[in-house]
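Construct the complete structure from the given sequences, taking the supplied hints into account.
Each chain, written out:
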Amino acid sequence: MAARSRVIKLKDQGDEKYYEGLSLLQLALRRLRRDTLTLIAMAVMLILISLAILAPVIEQNILNVSYSRTDPNNAFLPPGGTARLVYLPDHRYRSQGLNVVVMLDRGAGGREISEAHAEVQARQLTAKEGMANMLVAHASFGTPSFSVFLDDQKRPLAARVGVNSISNLLEVPVGKHTLTFRRGTSIEGEVLATLDVEIAPETLTTAVLFGRLEGEGEAALRAKAFSVNSRDLAEGTARLHVIHTSLSAPRAVNVRILDRVRIPEIQFGEDGSAVVERGLFTTGISAMDARTHVLGTDDLGRDHLARLLYAGQVSLSIAFAAAIISILIGVTVGIIAGFYGGLIDDVVNLTIATISSLPTLVILLILVALLNPGPEVLVLVLGLLGWFGVCRLVRGETLSIRAREYIVSARAIGAPVSRIMFVHVLPNLLSVVIVALALDIGNLILVESALSFLGFGIKPPAASWGNMLSNAQTFFTKGVHLVIFPGLMISVTVLCLYIIGDGLRDAFDPTLKR
Amino acid sequence: MAKYIARRLIQAIPTLFLVTVLSFMIISLAPGGPTASLLLNPSLTPQDRVRIAEQLGVNDPWPLQYLRWLIGDDWEWRIRDNSGEPKPGNRLGILRLDFGYSFVANRRVLDLFGERLGATLELGIAALLFALCLGVPIGILSAVMRGSLFDNSMRVLAVIINAVPNFWLGLMLILLFGVIIKGPDGKGLLPMGSRCPTTLATCPPLHERLNHLLLPMIVLGGGGLAGYSRYLRASMLDVIGQDYIRTARAKGLTDRAVWFVHGARNALIPLATFLGPAIAGVWGGAFVTEQIFSWPGIGRLTLQSLTALDYPMIMAVTVFSAVATILGFIISDVLYALIDPRIRFN
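Chains as they are written, first to last, in my numbering: chain A, 66 to 579; chain B, 95 to 440.
Take the hints with a grain of salt, since some may be wrong.
Stated by the list, open to error - Some, not all, of what chain B presents toward chain A, calculated at C-beta under 8 Å:
#1 120
#2 254
#3 259
#4 262
#5 266
#6 420
Unchecked claim - Here are the simulated PhoX-like cross-link-like pairs (lysine-lysine), alpha carbons at most 25 Å apart as the crow flies:
#7 543(A) - 524(A)
#8 281(B) - 543(A)
#9 97(B) - 543(A)
Derived from the structure by calculation, the hints contain no laboratory data.
Keep in mind the model is a prediction, meaning the values are calculated, not measured.
Built from N, CA and C at the ideal position, the CB exists for glycine as well.
In structure tokens, the structure reads:
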């Protein structure tokens, strides 16, 4: 214990401090100017931060991400057209469920989505286990396509069935659209699901509505999408993607689009059925391609670079905010403990000693898992658990400053305690605090990414560098780029912050000989 | 010496007490409380719920609940059986090593821990040894060759290892050795994860087990490796400026003897203080490492419990990890005092 709590050695702030009458800060800047490595690290950090801030602008203007990618698995249907899906006779099972995923295509405008909301109405479900539930997720920034996705996941799909899914991909202008699915044992089946997609004029990218209907009979599945808070959406397109993939689905499925909408090219099978392979999501990953997606796309077909930038926003701002909270607490408690000493100091020391002897990461993990916090609370938790190191540093430094002549003389002329603290002690702590801040941010980025990676920090669909790696192992064969870049971003950022911290420490240390 | 150890142990008691209070409070703070997942079970009737809630005592004030958790409830004649007769509780409390039953597995928490302990210990000890066996020589050599290419590259490497998140390092290693580089059998050179399966009847050959252990060990030990090498370098440079080193040189000893016999032996002393933090580090890192490599240890068990909100497990993990870390700190302090008498009398 003794060696761990080494008191920070009193720095001998010798003659150089007064060299040419420069203040400590000016002197530090002067030293910093000669430290190329730190300057490079600072430049890289600046670039990263500005990239993160400008993410929406970059996504829309520079990346010019166009999501009009034609997926070989998507078939297009004319307005009002029907597609027939014929199953083999051996596979005449009762439908077990219907999953609908709605994703909104990109459009011009802002990116904030205040609300994405969906409802499922199950009407006249006659089946015993009839139930419907809908999960609304927000598919995050840079989501490419707005699709409706019907899926039955309960039954495994036999590979020998040729045509087993139907897809309906259409472009819809902003407005309200209805999509009706018909099903039945014959071609004129009953309505299985009605899908209302309402796209408000101010809509923008990214929301996933995910619905599931179970049971037989008539049901309506309404997905009311997107009350979205965003900037003007003068124009934009949304794409509905309908896929029904199920062996247990009815023998024929009719898909009818009630709207007259502009439809791109269309591909049909011989008998008018759309030939689609199963698995929209599994083929979403596309490799890096300088013309379309510079860093490829992820498993949901979202532009990887755009997501990296948005993730940078999240990761950096959480680390910055948490670091500032922890520094504020640490400095306050440290100054008070170091300045007053006595009982306060003992209590603070005991607290710090107790908590430092706990495995902080484990405690943090448990806390975050139980509280299930949003980003704001996560920042608070990280900040509140991270101030002990800074506090120890500041306390030691304050102890040594307190004994200096200028403090003694300030006391002697009767300066109030508050003035001594703020005018005489605090400015002298500046170097310690700035260095600690840089290192803290780096550590917090690591901690946050680890938490998010484990699924307890920032939850998808919001992107953070950590949670982008959550499913990384499944990408090993399909898209290595998805594994490499998020980790690289974390490493580079943290490395830069460490270098900056070290460089600043050297710059602020007047006794350091070069 | 005995007095010193006794003092350190007594000092740990309030810390441990605080830990139990803290972990109990964390659990109580959680939305719904510890029994939410149990009571929300849809197959329970309302009467069942009331009965279970009463049995668990969730409506009692929390100091009482805490006490029951700590020392059990067999002293209380609280629960009524079917005939209405009160009978003593059956919990012994964590002080008597009764951590209750897991909600999910419905088995004793301690048993579940016992099954996983071996895997975690295997990985943890391997990682510590890996970090020590590589970190110490690197640190010593860096100090001896101060300013050389080796020294500088090792220092840069240490900073880089610290900056790289260990889960990503793990993923990259799996990608490299499990997917990209192919072994003679056409599969990945090393397994992509999981511990080598052992049964009572057959113990796989050592090299097979090492194959499985290698990558997780590197990932878990990486941080320690960087730490030890940096620490030992500083410690060596510290020692080498001491008077007795000058004496050794003045006596005409060879450089090699001065560095490796007189210098390194003394520089190793502060390493004893690293045991506590090392245990904390390995324990924290085990969560991530075990998750990536599907290592069937306590870290992975804990993550599963956290996802499933298996409160008895979570509470036990909190207490266990605190006890392990505090014990690590005490052992390292005692070791330090044992090696370096100056500490004891300070």
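With a cut-off of 8 Å, does the beta carbon of residue 120(B) approach a beta carbon of chain A closely enough for the hint to hold? holds (6 Å)
Residue hint residue 420(B), partner chain A, criterion CB-CB below 8 Å: holds (5 Å)
Are the Cα positions of residue 97(B) and residue 543(A) separated by 25 Å at most? violated (62 Å)
For the hint on residue 262(B), just tell me whether its beta-carbon gets within less than 8 Å of chain A. holds (3 Å)
Does the nearest C-beta of chain A fall within a distance shorter than 8 Å of the C-beta of residue 266(B)? Interface hint status for residue 266(B): holds (7 Å vs cutoff 8 Å).
Hint check: 8 Å Cβ-Cβ cutoff, residue 259(B) to chain A: Given a least distance of 5 Å, the restraint on residue 259(B) holds.
Between residue 543(A) and residue 524(A), does the CA-CA distance stay at or below 25 Å? holds (23 Å)
Would the hint on residue 254(B) stand, with a C-beta cut-off of 8 Å toward chain A? holds (6 Å)
Pair hint outcome, residue 281(B) versus residue 543(A) [Cα-Cα no greater than 25 Å]: Roughly 17 Å between the alpha carbons, so the hint for residue 281(B) and residue 543(A) holds.
The earlier numbered hint that this structure contradicts is number 9, and it is the only one.
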